[in-house]
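There are 2 protein chains.
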Amino acid sequence: MPSLTLIGMGLHDEKGISILGLEKARSAEVIFMERYTNVMPGLDLGSLEKMVGKPIRVIGRREVEDGTEILREAQLRDVVLLVAGDPFIATTHVDLRLRAIKKGIQVGVVNASSIISAAPGAAGLQNYKFGRSATITFPEPLSLVPYEVLRTNLSLGLHTLFFLDLRVEEERFMSAGEGIRMLLEIEAHERRGVVSEETLMVVLARLGSTSQVVRAGRAGALLEMDFGGAPHSLIVPGKLHFMEAEALVTLAGAEEEIVRRNL
Amino acid sequence: MPSLTLIGMGLHDEKGISILGLEKARSAEVIFMERYTNVMPGLDLGSLEKMVGKPIRVIGRREVEDGTEILREAQLRDVVLLVAGDPFIATTHVDLRLRAIKKGIQVGVVNASSIISAAPGAAGLQNYKFGRSATITFPEPLSLVPYEVLRTNLSLGLHTLFFLDLRVEEERFMSAGEGIRMLLEIEAHERRGVVSEETLMVVLARLGSTSQVVRAGRAGALLEMDFGGAPHSLIVPGKLHFMEAEALVTLAGAEEEIVRRNL
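Heads up: the sequence lines are chains C and P, in that order.
Each residue of the first sequence is one higher than the last, beginning at 210 in our numbering.
Each residue of the second sequence is one higher than the last, beginning at 210 in our numbering.
Simulated from the structure, these hints should not be mistaken for laboratory data.
Treat the hints loosely; a few may be bogus.
[To be verified] Away from chain C, derived, C-beta distances all over 12 Å, residues of chain P:
#1 Gly255
#2 Val267
#3 Arg271
#4 Leu280
#5 Glu349
[To be verified] Computed footprint of chain P on chain C; a stretch qualifies when at least three of its residues, placed anywhere within it, have a C-beta under 8 Å from a C-beta of chain P:
#6 226-239
#7 303-315
#8 321-327
#9 334-347
#10 452-462
These numbers were taken from a predicted model, which means no experiment stands behind them.
Backbone N, C-alpha and C define an ideal beta-carbon position, used for all residues, glycine too.
When you get a sec, could you build the whole thing from the sequences and use the hints?
Shown next as structure tokens:
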């Protein structure tokens, strides 16, 4: 039946898709996959094609944003669009969905794991204590938004999850160190006392993979460390519950003395 | 190898587990499943046991919070604990993980989809525009926390995701209507002008299932509707981007006039 189903692939590789997602991909007539809104370092296209039993057409930003071809196919056939992470975190997926519905195409969704839920869990931080999240973008030009979001969240005692800019098509991925530097640079201009080299932060690298790293410590210390390949993300904790503090020590190697300041 | 792996099962039924999660469950020696921190209405235990090829021991709140048996097994064998949604949303999973590590047990995690990422996506709302989330609990006694969280988020123009209380072991699940009533009741006492029958809200019922409902409208209108079985959740949007407004009309049946007030 003509339709468009957006299927999330989770965090790391082709084994992040759910059983339902795999079933729907197997029974689809056409499979597109976009890899530009997110990066899945472990994904092997050949192995994924073997799993779904048919060729997968990888499409780029232009084709997803334009959408003409996907929608034309979905008016004729049972079409699946595979996306990294969970669908609809990217605005462009919502846009595509709305346009499909306007054309009378039936749209389905299969969810998968997302950094939004996985990152707090990996650090042992409570989800309901996170405020708004933000993306730290490459400074072209420098955006103050992440700094303002952090300022508001910290004033409310809340944790902040930062996504780090990635431009998959240019193979540019912001590292945790660059993200921390960006925040410190804004602080140097704005001087509102939001962040310093002493601020407790948590770096998360390649969540969901066997080479996953979760490391908490002083911003100034994390800055100097190499966390390996993309994707990275960053958490700046606000006020910690004692179990969260214990988790940062046990799961993320933080020194007790540094964590204690946020209790 | 002795170990404890927490595996998320996603939102609705046994097909929400990822390929990686299924593989790990199949190779485990002992499988526990807890069903009290969340409800998965479509889950069929027999079908899940067939999928993993071995019996699954369903355990309750007491056994997870106590943890003695799970940890004893995990010191001897390769143990899996299946949980609804994504692991570590519930504090008790973090607690169990920390205790396991203290006993020298290797702990693994396999993520799955979570309401935290799925709910905004289902309503077409942008994730980074959500503030802190909160749970509306049964009034025993009445908690002001959800009201205060909503007040703060709305003052910042942010959306709020509310989880609704569920006591699986007592088979008590708060409906969206009860949740809305609870907020209106607190407003009647507090009178801070946070919420009224005119407030735009979004009800989400049974996300991830084929009977999923996503419905936006005036609180006073949603109050009167029957959204069927649990689980329900609730979003109170703050300031809407025009694409979010369009999504609430197209995906959630909101009247344009009502959505326009939040632009």
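Hint by hint, here is what the structure shows:
no.	hint	result
1	Gly255	holds, 16 Å
2	Val267	holds, 20 Å
3	Arg271	holds, 19 Å
4	Leu280	holds, 15 Å
5	Glu349	holds, 19 Å
6	226-239	holds (count 6)
7	303-315	holds (count 6)
8	321-327	holds (count 6)
9	334-347	holds (count 10)
10	452-462	holds (count 5)
In summary, this structure violates none of the numbered hints.
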